[in-house]
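Chains as they are written, first to last, in my numbering: chain G, 1 to 283; chain V, 1 to 300; chain R, 1 to 408.
I should point out that these hints are in silico values taken from the structure, not numbers from a laboratory.
Careful, some of the hints might be misleading.
Cβ pair distances, simulated, as ranges [unchecked claim]: (1) R:173 x V:147: 47 to 57 Å; (2) R:172 x V:154: 54 to 64 Å; (3) V:52 x R:159: 35 to 45 Å; (4) R:254 x G:267: 49 to 59 Å; (5) G:118 x V:160: 49 to 59 Å; (6) G:47 x R:209: 38 to 48 Å; (7) R:329 x V:64: 38 to 48 Å; (8) G:203 x V:219: 29 to 39 Å; (9) V:281 x R:330: 51 to 61 Å.
Predicted model, so just to flag it, every value in this text is computed and none were measured.
Every residue gets a Cβ at the ideal spot worked out from N, C-alpha and C, and that includes glycine.
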Amino acid sequence: MVERAAELDRAVLMHVHGRQGFTIPWGRVLLAIFSALVLLYLVAPVLIVLPMSFSAAKYLSFPPPGLSLQWYENFFARADWTAATIQSIRVAFTVMILATVLGVAASLALVRSSFPGKELVNLIIVSPLVVPAIIVAIAIYGIYVRLHLVQTFWGLVLAHTVLAIPYVIVNVSATLRGVDIRLEQAAQSLGANSWQTFRYVTLPLISPGIFAGAVFAFIASFDELIVALFIAGARGRTLPMRMFEGLRMEIDPTIAAVSSMLIVFSVVVLASAELARRRSRSD
Amino acid sequence: MTSSEVLAGRVSRESAFSRRLQFQRQVTYLLLLLPTLLMLIVLFVYPILRLLVTSVYDGHQLTLEHYRRIVEVDLYVRVLSTTFTIAFQVTLICLVLGYPLAYFLATLRPRTARLLMILVLIPFWTSILVRTYAWMVLLQRQGVLNRWLLEWGLIDEPLRMMYNRIGVLVGMTHVLLPFMVLPAYAVMRGIDRNLLRAAANLGASPFHAFLRVFLPLSLPGVAAGSLLVFILALGFFITPALMGGRTDMMIAQLIETQIRTQLNFPFAAALATVLLVVTLVIFAIYNRLLGLDKMFGGGY
Amino acid sequence: MGSAWERMLRDREHASRLRRRQFLRLAAAAGLTVVGGSVLAACGQGGATPTAAPAGGQTPAAGATPPAAGDLKVPGYDNPNKWKGKTLVFAGFGGAMQDAQRKAVLEPFARLTGATIVEDTTDIGKLKAMVDAGAVEWTVAQQGTFEGRVLGMQGYLEPIDYALVDKANFFEDVAGEFDVAVIYWSLILAYRTDKFGNNPPQGWKDFWDVQNFPGPRAMDKVDGPVGNLEFALMADGVPKEQVYQVLRTADGVERAFKKMDEIKPHVTVWWEAGAQPAQLLTDGEVDMANAWNGRIDAAQRQGAPIAIQWNQGLLRTDSFIVPKGVKEKELAMDFINFATRPEVQAELSKYIPYSPTNAKAFDLLPDDLKARLPSAPAQKEKQLLADAAFWLENLDRLTERFNDWLTK
Numbered sequence: 001m002v003e004r005a006a007e008l009d010r011a012v013l014m015h016v017h018g019r020q021g022f023t024i025p026w027g028r029v030l031l032a033i034f035s036a037l038v039l040l041y042l043v044a045p046v047l048i049v050l051p052m053s054f055s056a057a058k059y060l061s062f063p064p065p066g067l068s069l070q071w072y073e074n075f076f077a078r079a080d081w082t083a084a085t086i087q088s089i090r091v092a093f094t095v096m097i098l099a100t101v102l103g104v105a106a107s108l109a110l111v112r113s114s115f116p117g118k119e120l121v122n123l124i125i126v127s128p129l130v131v132p133a134i135i136v137a138i139a140i141y142g143i144y145v146r147l148h149l150v151q152t153f154w155g156l157v158l159a160h161t162v163l164a165i166p167y168v169i170v171n172v173s174a175t176l177r178g179v180d181i182r183l184e185q186a187a188q189s190l191g192a193n194s195w196q197t198f199r200y201v202t203l204p205l206i207s208p209g210i211f212a213g214a215v216f217a218f219i220a221s222f223d224e225l226i227v228a229l230f231i232a233g234a235r236g237r238t239l240p241m242r243m244f245e246g247l248r249m250e251i252d253p254t255i256a257a258v259s260s261m262l263i264v265f266s267v268v269v270l271a272s273a274e275l276a277r278r279r280s281r282s283d
Numbered sequence: 001m002t003s004s005e006v007l008a009g010r011v012s013r014e015s016a017f018s019r020r021l022q023f024q025r026q027v028t029y030l031l032l033l034l035p036t037l038l039m040l041i042v043l044f045v046y047p048i049l050r051l052l053v054t055s056v057y058d059g060h061q062l063t064l065e066h067y068r069r070i071v072e073v074d075l076y077v078r079v080l081s082t083t084f085t086i087a088f089q090v091t092l093i094c095l096v097l098g099y100p101l102a103y104f105l106a107t108l109r110p111r112t113a114r115l116l117m118i119l120v121l122i123p124f125w126t127s128i129l130v131r132t133y134a135w136m137v138l139l140q141r142q143g144v145l146n147r148w149l150l151e152w153g154l155i156d157e158p159l160r161m162m163y164n165r166i167g168v169l170v171g172m173t174h175v176l177l178p179f180m181v182l183p184a185y186a187v188m189r190g191i192d193r194n195l196l197r198a199a200a201n202l203g204a205s206p207f208h209a210f211l212r213v214f215l216p217l218s219l220p221g222v223a224a225g226s227l228l229v230f231i232l233a234l235g236f237f238i239t240p241a242l243m244g245g246r247t248d249m250m251i252a253q254l255i256e257t258q259i260r261t262q263l264n265f266p267f268a269a270a271l272a273t274v275l276l277v278v279t280l281v282i283f284a285i286y287n288r289l290l291g292l293d294k295m296f297g298g299g300y
Numbered sequence: 001m002g003s004a005w006e007r008m009l010r011d012r013e014h015a016s017r018l019r020r021r022q023f024l025r026l027a028a029a030a031g032l033t034v035v036g037g038s039v040l041a042a043c044g045q046g047g048a049t050p051t052a053a054p055a056g057g058q059t060p061a062a063g064a065t066p067p068a069a070g071d072l073k074v075p076g077y078d079n080p081n082k083w084k085g086k087t088l089v090f091a092g093f094g095g096a097m098q099d100a101q102r103k104a105v106l107e108p109f110a111r112l113t114g115a116t117i118v119e120d121t122t123d124i125g126k127l128k129a130m131v132d133a134g135a136v137e138w139t140v141a142q143q144g145t146f147e148g149r150v151l152g153m154q155g156y157l158e159p160i161d162y163a164l165v166d167k168a169n170f171f172e173d174v175a176g177e178f179d180v181a182v183i184y185w186s187l188i189l190a191y192r193t194d195k196f197g198n199n200p201p202q203g204w205k206d207f208w209d210v211q212n213f214p215g216p217r218a219m220d221k222v223d224g225p226v227g228n229l230e231f232a233l234m235a236d237g238v239p240k241e242q243v244y245q246v247l248r249t250a251d252g253v254e255r256a257f258k259k260m261d262e263i264k265p266h267v268t269v270w271w272e273a274g275a276q277p278a279q280l281l282t283d284g285e286v287d288m289a290n291a292w293n294g295r296i297d298a299a300q301r302q303g304a305p306i307a308i309q310w311n312q313g314l315l316r317t318d319s320f321i322v323p324k325g326v327k328e329k330e331l332a333m334d335f336i337n338f339a340t341r342p343e344v345q346a347e348l349s350k351y352i353p354y355s356p357t358n359a360k361a362f363d364l365l366p367d368d369l370k371a372r373l374p375s376a377p378a379q380k381e382k383q384l385l386a387d388a389a390f391w392l393e394n395l396d397r398l399t400e401r402f403n404d405w406l407t408k
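Assemble the whole structure, with the sequences as input and the hints as a guide.
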């Protein structure tokens, strides 16, 4: 359907240019070159970091004077790096589950019901996305100190969940609005209770949104630095904190190796999200 | 009892039943919302309100002393204006780079566009630290870019691209460009191409068709992207700290310094309040003009 | 070329095996959290850190490998039941610093006194909250000396009992009313040897002298006015003994900022992160910088052509403090005494190039290590000791002034 629109679109363009006598569409060529340059700008850091991570040099240099896997070995051999990675995965995974469960439930309520003050609730829910991290960090730190949640695993998880929930809600709500409510009504008229309706009708239909939201929630926590800097403490140090420390305190390409692995990780996640999207399309 | 009376009784019973069902459903929905709402109130709204109170209440009395300091000391006014200037410049650059890219992607076959979109999303999902680090390697005096330019004879002296405004803009634009491209692309995809065809059939040149038809229709996406980029840029902290020069200090850095080295929580709270109010005002404009569902292209 | 590739392929095979194993461990760890919750998370944390290589790869110990911790003997600590059944909670800075302390201080103390040691991470807000609530969890915490003295003035700390802490061989200003300095570090002048090899800069006068010592400079932004103002006055000819005397006058502050104006156009980078000056010097981005000695030391060990000029450096300290209302006060004092014994401080310096505050520790250190430590006699006499009292009083005001000056 959308593809056909694009075909038509190109046909229009050809038609338009055809009237000008089959000249090369210079405007379009320029646009393509410009776009390619912007895309190059977007991926340039990735293109730098990957080769540098295989450098045989002792400090950061590009191009690398020789190839080696020493920085990857260094990463896996050093407990401070691996412990931070494990901590980040542990936190992000817990956040993902919490935020997804809470966010899906909230999305159902926000899309399927109306109540006074809903707009305010919506605003509150989305605002963690736009309030600067430094403000969230000092505000949460201020009450965590009194609740004895500073430097605890669950303290960090809860704070990150607040930041991650909006991503889930934005994604799930968008798909949920696209679900034909009559499907749910049909299921209920056939005797399904609310839970069954949700489990067997709504849930499969919104699963791409849930998946996307969950991935976002994971990344939101996994990448988060500033709030973690204030409340995680050195013993609960996350990977971004370790990297920040690396940037502040050390000069070796281990950080390039970590970065490369993170980039590969995000490509894999992106690709699987794309696959999930395609699969849900073909259903 | 006539049959019609029986029928009427059943109908009224049923409607009562369905009303009760409706009520139950509403209650269920509210129960579903409650945990999230409670959590956000306890861990987000309340802490921020407390921060605001800290900035005006010293434990005994109300005071505007910290706000007076922000207004009266040149430094803070200057940092605030730097913050706005940088956010504005970044928004402008994102617009100039992002609009054509989104337009180009929107004219491609969806499958191809989706593939290229991965290139937009990869940096989007790569840690800010990683990217900052890569830019340092690329842009510094002895960096990759300068060395290539020198080798090709394009320049005689290394260019200064780091530790000044250029570094800040390059780094911040890189982080924020996807926030412009995604909503713009989503809106452009939704524009009915038949309108363009109609314009062409009516004799409009492609440029005219673009200017008169496509551009106005794409504005909501552009506005959404611009406001989002501006809001997010205001709170930046790591990129200007590591890539900027001495005059590129932004307000978030100031807040961090107050807390870290001076332990001056009330003053930091006042600075945070200023930043927060500006952010929320723009956010409210955004909401009023465009609605929250335009955020992040609605489904990305 | 060909052999490099072969080697890389071999390495890659080895690494992929390594990575697979690691991946399984990561997966297991991630899974555990969901099942077991915070208890397992806490165990994982405790178990993960102690295996860290001492001070990490970046700050390798002096050529010689440190002796096993089990060998360390400390006079006066020979009763392994002295603190049996007592628990000492130590809150340090974490990272490489605490890894080194674990080996050189915490583990020997546990072994020699029988105390059980629990580690935590220091945090000023948390310390204030626990004192305010009357529920003090930490026995001893670490802080920068400035911060420690602020806390002491505000009434959050126990006074140090010098009947239990032997300060006989401490350097000056180490024994505070509420804090005991345990390490020195230094903000020094670092330069590229290939640039100024035959005629190295001798101090801040030369750092300011762009005619005879041309080249871009980097300066410290993260410490704000601390250091920069002292350096400016010394560059202006004030002898180091009189720096704070001059800085205490309004004219002195003006004089310092005026001198700072001179160097401003030649400073291309104001650094925010401790690793930056070392990286900038290594890359040739700048030719001279003021920098933290530990980072420069690490870069030198990696073969970077950088040298330290100890002349007119600024010596600073970190302190141990005891939160007010702590239950085991005597244990806290005994631990601080232990941590400042020459044997223990010398041991710590072998793991990480932070410098002893007990003068006697240098009798136990090899010469090559002594040459790298900022408070070793040869280096110490060339430097200026940061005046905590001055900065306590003026930090707020001068930071504002410095930031204003900087962003103009």
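Status of the hints after comparison with the structure:
1. R:173 x V:147: 47 to 57 Å: holds, 48 Å
2. R:172 x V:154: 54 to 64 Å: Given about 58 Å between the Cβ atoms, the range holds.
3. V:52 x R:159: 35 to 45 Å: At 37 Å between Cβs, range holds.
4. R:254 x G:267: 49 to 59 Å: Holds, at about 57 Å.
5. G:118 x V:160: 49 to 59 Å: holds, 52 Å
6. G:47 x R:209: 38 to 48 Å: Between residue 47 (chain G) and residue 209 (chain R), where Cβ atoms are some 42 Å apart, the hint holds.
7. R:329 x V:64: 38 to 48 Å: Distance hint for residue 329 (chain R), residue 64 (chain V) holds at roughly 43 Å.
8. G:203 x V:219: 29 to 39 Å: The hint (29 to 39 Å, Cβ to Cβ) holds, given that residue 203 (chain G) and residue 219 (chain V) are roughly 37 Å apart.
9. V:281 x R:330: 51 to 61 Å: This hint holds: roughly 57 Å between Cβ atoms.
The structure is consistent with each of the numbered hints, conforming to all of them.
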